[in-house]
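Dock the two chains into a complex; use the hints.
Protein chains in written order, with this note's numbering: chain Y, 1 to 377; chain H, 1001 to 1537.
Be aware that a few hints might be false.
[To be verified] If you anchor each label on the Cβ, the simulated ranges turn out as follows: (1) Y:Leu-269 to H:Ile-1304: 32 to 38 Å; (2) H:Pro-1160 to Y:Asp-110: 21 to 27 Å; (3) H:Ile-1304 to Y:Val-159: 49 to 55 Å; (4) H:Trp-1147 to Y:Met-374: 40 to 46 Å.
[Claimed, not checked] Simulated crosslink set (DSBU-like; lysine-lysine; CA at most 30 Å straight-line): (5) Y:Lys-70 to H:Lys-1499; (6) Y:Lys-244 to Y:Lys-70; (7) Y:Lys-260 to Y:Lys-181; (8) Y:Lys-260 to Y:Lys-162; (9) Y:Lys-244 to Y:Lys-181; (10) H:Lys-1429 to Y:Lys-133; (11) Y:Lys-299 to Y:Lys-162; (12) Y:Lys-70 to H:Lys-1492; (13) Y:Lys-271 to Y:Lys-162.
These are calculated hints, taken from the structure and not from any lab test. Predicted, not measured: the structure shown is a model, and the values here were computed from it. We put the CB at the ideal spot given by N, CA and C, even for glycine.
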Amino acid sequence: MNKNCLQRLAVGSIALVSGSAWADELNMPVGVTEISRKIYGLHMDIFMVCVVVGCIVFGAMAISIFLHRKSRGAVPATFHESTTLEIVWTLLPAIILVVMAVPATGVLVDIYDAGGEDMVVEIRGYQWKWQYKYLDDDYNRNFDFFSNMSTTQDEIHNVSVKDQNYLLDVDKPLVIPVNRKVRFLLTSEDVIHAWWVPDFGIKRDAVPGMVNELWTIVDQSGTYRGQCTELCGKDHGFMPVVVKVLPQDGYDAWYAAQVKTERARREALSKTFTADELMAEGQRVYDTFCVACHQANGKGLPPAFPGLAGSQVALGPVDAHIRMVYEGVPGTSMQAFGKQLDAAELAAVVHFERHSWGNNTDDVTQPKDVIALMEGQ
Amino acid sequence: MSEASHHHVPAVHDDHHHGPASGLTRWLFTTNHKDIGTLYLWFSFAMLLIGGTLALIIRAELFQPGLQFIEPEFFNQMTTNHGLIMVFGAIMPAFVGLANWLLPMMLGAPDMALPRMNNLSFWILPFAFSMMISTLFMEGGGPNFGWTFYAPLSTTYAPPSVTFFIFAVHMMGASSIMGSINIIATILNMRAPGMTLMRMPLFVWTWLITAYLLLAVMPVLAGVVTMMLFDIHFGTSFFNAAGGGDPVMFQHIFWFFGHPEVYIMILPAFGVVSQIIPTFSRKPLFGYDSMVYATSSIAFLSFIVWAHHMFTVGMPLAGQLFFMYATMLIAVPTGVKVFNWISTMWRGSMTFETPMLFSIAFVVLFTIGGFSGLMLAIAPADYQYHDTYFVVAHFHYVLVPGALFSIIAAVYYWLPKWCGRMYDERLGKIHFWLSFIGVNITFFPQHFSGLAGMPRRIPDYALQFADFNMISSIGAFVFGFSQLLFGYVLIKAIVSGRKATSRVWEGAHGLEWTLPSPAPYHSFTHPPKVVEAEAHS
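Next comes chain H alone, as it looks inside the complex (with noise of 0.2 Å):
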């Protein structure tokens, strides 16, 4: 930053003598934030294409009662690889690519404050997949135990290719690490002068915080496949009755994981929308300061409530109690996020583009899943929810129409910046149409069929969910397929869209705003000055 601050160079001229290598090796070597991002972003593009195929081997199976297409055995690994490819390889890695192209903008610093490990990072994650998904073509099959992988039968009961699955994880598990102290080191270290942290747009405020929660939960994720591994070759007993271990304490260390995780995956989106409500409503995000505290809240109580998910486990009346309060206690600060929203959206002047309308989605539906959270949180109730698809439908509003929405909303929104062209508008509003039709579709059906009783992860079911089976099957091969539509208007945006002004939005606030489109190589090659009005949107 001292070096950028002698010479006053404009940002444009720099560019000239710091442009990006050409060919492949641009991509392989590069350490620069932009192209980091766009690494990121199209490989959960591609891992989404991927986990979305399963889906749709899953829901093709699920159309009619009886097996038609794929055996038991088969079944399992599509459900297991499904789950692990959309939260590790489709959700995570999206938002650390937008991560990566925007925080440096927003906080008008030139790239990440960590690039060369930046290009690690990114760099792990194709091999680990490839390594996870080639399991599916060993001999005794790929991972089938479900993406929670309970111990024993991930352990004694798994497939030899259990091995590689969890060296994949590893390998995951450092590249977020990784992610995450880059992300740290550029939020506390890189902003401009002026940009204090109550400045900071809530984008990069849910970043910071979900940084912290992985770089918390993502070694103790590392810890328990370590003590599958060591169970399964070393012979030790973590996980086994047999020997004085306890499969239990699996589930205890897994979900002291898997509880922040879930948060990891949506504090990104509610970042996300508060960019985008406040622009296309032409008005400032309504409390803003009771959005930071409310995310703080709900980052802290992720850590206290991770038993909720095993409210069936067998635990005393006073563990069952405190883990249905705590559970409770979550709805208050993200029912504080929803009225914020819906304040800034109130009296505003708004137009909905494709990002404003994925965002609308967003607070809609994300809430429907905030309500069945909350009737799951009820210990009782969770007695009959458990296990059944009214849970799957409960996690697939928030990870769907939730952070993947969000994820869409932001490229739209972001997209014209990044490449300095406009999408076109209406391919974008009819993906959004077939999208939410489509979610719909699949989804809402399948409370029903949990609430009448159809358990999760059944390769088959009885004959009176028959027909909200076909329904959600329909659905997903509606909602599967736009997806492609997505796809297709990036790529026409990307090579043919009309040119973008530095704007972009009418309503537009914040220093990303304030470079050209498409943004420069290095963003601010020396720190603007953060005024008032480009300060949070």
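Next up, chain Y with everything else stripped away, as it sits in the complex (with noise of 0.2 Å):
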């Protein structure tokens, strides 16, 4: 703790001398959009207002308080009212007001121009993570994925070392083109969450039940780095938001990529796993989607978030087990995660629950386990 302390207090001095590291922990970053750097602007100019009327509030105190002190003998004076200074200290803020709220209803106006975009990415919030689905026109182009914190639990109980990235990486980043308009239609599954990315100068808040749009041309390919700015439950410190921006020819690379991936998940969900192939794909599952509530070691936080180790779904019938996780257990915070997960997914994550922390029902849980229970109804 303490070396940690003191590599700080040195980085901190270093960046002091250099000034610009220094500057990303003190002001407002200008951002990589046109809009992001009209509401820098903005945010310095009534910052700068601030001071000038600070300066002159502050300075008329400071000297009243060294002038006229009872110790340097000042007499008290008796007047007590003016109609003149109390008009003019009336209109004067209102008409510097009046200065500021016209360039901040132009931006204003700015942002809400949504529409002529080249592309749209639906974005919704779950507890505790992102999922970025991409709309186009072809449906066969279509797919969809989650971005979870990429930060091990040892990280954050400081078990092992921070990475330079700390809370702000996730596995699978939103990926954007440069310089095109995207649109982003803004949702929300469970509680109300808000998605931000500080260098594009754009936040919303995710409600569910609702769809609100947000648009940005980013026109400087790089990583770009945000949070969930809405308490939204127990980890809300933990789902940040990670927007990689590519060059337009990386980017249809990545995103025929995509469409091939995608192809390939749902060939698998007409596959038959052996029991090794569902034990590692289930822990997989289970690390990304379920370890923050139902804990590592199966036994969960009770009684908000009960355990799976000896538990009655776990060790009953496999039916009832895939149902309750593709349903979910409205009221709670129990997600119905057919919506996040496919069969192949739920599938391997069932037959882990019921074969890890001491469970071991000897029955195989398949992809066509899966469909079948859920279309059979």
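Set out below in structure tokens:
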């Protein structure tokens, strides 16, 4: 801990000298979009107005405190009103406000100009991850994926060294092309979240049952990071937003690869897996989707998040188990994972839960079982 | 009042017959405005320490990146209860306590208008807060959805203890409504002859306006928590989109209460410093009339700006523009107040006793909070500030060195009148400087973390926020522990302070200073004659 402190102090003082890294800690980022630069301009303008007014007001106060003190023999004046002064210091701030409102209105109108987009991405908030759906006119080129924080529990609990992108890294970032108008449709599947990328100057709430829209045109490729900014429960601090902005050709190649992966995923639904394959895939799914609540040891955090080790569900009939994961438990934090996982992933995670932490049912769950069960109803 | 004018007996003599009861029953059954005022003030001091302890747990966890002491689930309970306890348990009851002690003395009345209701409105509070704090020890934990309790996090996804939280909020609301009715009834009916409305001390004016705000919005809060209760237990869908409801409607209703609530916590503070600054400047308050009008304008505007808390929720352009313009407008009457305070000091003959130090710090630091408020009003810029530490810094600047400093200033200022003894000036000044330095070290760096992108209400943060969080935590501990010194200074004064004169401060004006120190149990048993010199200071 001590070493950490020293390190940071050192980094801090170096940054002070060099100036650049420190500036990131002090002020709003200028950002990489026209809107973010306009917002930065507004921010600095209003800040400077506050500084000037502050200097006048606090200056007058300081002079008064210095000069008009009893210990210097000041004799109190008797004046106590002036209609002229009151009118002046009502009108003057009002005029300053109007002068500031004009550019602010202009920027706001620009922000609301959401039409004429080149592509659309739907963003869904979940406790505690983001889902990105690429909406293409051609149905066969649609795909979606989840973006989970990739910082490990060991880093969070100070067991291992923290990565430089601690808490700001995900397994699969959102990928968009540079210099294209991207329109985002934003909603949520559970509580209210907020999607924010400071460098783009955009932030909007993801509200269940409502679709909000946002747009951006990024003019520099790179990786940009943000976080969920609306309290959304236990792991609110652990759902970062990461956006990778690629040049057009890089983006096209990435897109084609995604379409291909999507085709392979659809094919996997009809396959039969070995128990080992199911355990490995199940472990991956569990660590991504289930571990936050049910915990790595399967003991959960009762009563809000029940344990799975030795639970009636995990040791009972497999159909009921699949159904619970697929449909969730309404009115609780247990989500309907049928919306987030496909049949292959569901089968794997159910199999995994039935064969871990001392649970040992002698069944094997395959994708076709999940499909049969869900189509059968 | 007519009774009092029949027998012309001095107040001191009257005191003989109607002294306080002895023992515990004095406090349980009291209908005396001073006893109830004392209860309110000690209650809010206790809540300040409890709420402050929760704040220190938060700051201890945020001292370094990574999870050190508490888990995220518990962290959320800490932020939620810290906010609720400070707003409803520390700041609001302290102002009601000040109103209880001061209104009858300032207006020339013997007591509050409705003394039995006064007793009830206080004694509800300990039960409400015991219930709310007890949720922390219940299975599933206490409220963990932020003091703004946005649905559906506070309904569908809430811990089972949310029902106790709802009932506690109902009780706090009932207490506030009764308190405000009492204050309105007292101010409108109990003024001594000659105490016209435009002669009332500004503290009385600001409380009159505050009481109307309370009366208007506490029922709205009661309504919104009742709708939550129905959603949770009776199958309605007010805030559930799947049932045809709307989670955003929750925010509209909440902030229709919440924004006036912000002014409920700051208008009486304006009143307090408007009493103190003239006293220590030895010069009458500058622009009394404009102060009254400015307070009224702020109160009116507070009802039409609520959605500036919701700029990122997704509103039509016209809505954003309306709420942006209306919010910016608040800067005008607020500015008028600040200019008037400075003009009061200008060419005065100032001394800097502890109440004055806290009042000057109030003017400076509240103004800084006002500046960041103006920045937040600019809707496009708010997209970057919203729900970051910039907002945390902003509202702590108006609530801690704002509302809380004014309460501390008021206690130092009127304590000699209350208990007849002076506090230790040297210790008072040490308390001031520790608080002033502590509060700035705590909250000023949070502006930077917010601008750099640190969201609020997170138990852990990215590495670039580490320096400022560490500084902020150190400041918080300095500030927190210096409030223990405040308690010591108070007790020392009450127990062994030197005797105070009736005027106490050289430059003090107002009816309360015509009473002996300590003030008699029934303030004015027959109405005083209000002369211009003792009218508003």
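Here is how each hint holds up against the structure:
1. Y:Leu-269 to H:Ile-1304: 32 to 38 Å: violated (55 Å)
2. H:Pro-1160 to Y:Asp-110: 21 to 27 Å: 47 Å Cβ-Cβ, so the 21 to 27 Å window is violated.
3. H:Ile-1304 to Y:Val-159: 49 to 55 Å: For Val-159 of chain Y against Ile-1304 of chain H, whose Cβ atoms are near 52 Å apart, the range 49 to 55 Å holds.
4. H:Trp-1147 to Y:Met-374: 40 to 46 Å: holds (42 Å)
5. Y:Lys-70 to H:Lys-1499: holds (24 Å)
6. Y:Lys-244 to Y:Lys-70: Outside the cut-off at roughly 64 Å; violated.
7. Y:Lys-260 to Y:Lys-181: holds (25 Å)
8. Y:Lys-260 to Y:Lys-162: violated (34 Å)
9. Y:Lys-244 to Y:Lys-181: holds (15 Å)
10. H:Lys-1429 to Y:Lys-133: Violated - the C-alpha atoms of Lys-133 of chain Y and Lys-1429 of chain H are around 61 Å apart, more than 30 Å.
11. Y:Lys-299 to Y:Lys-162: holds (26 Å)
12. Y:Lys-70 to H:Lys-1492: holds (28 Å)
13. Y:Lys-271 to Y:Lys-162: violated (39 Å)
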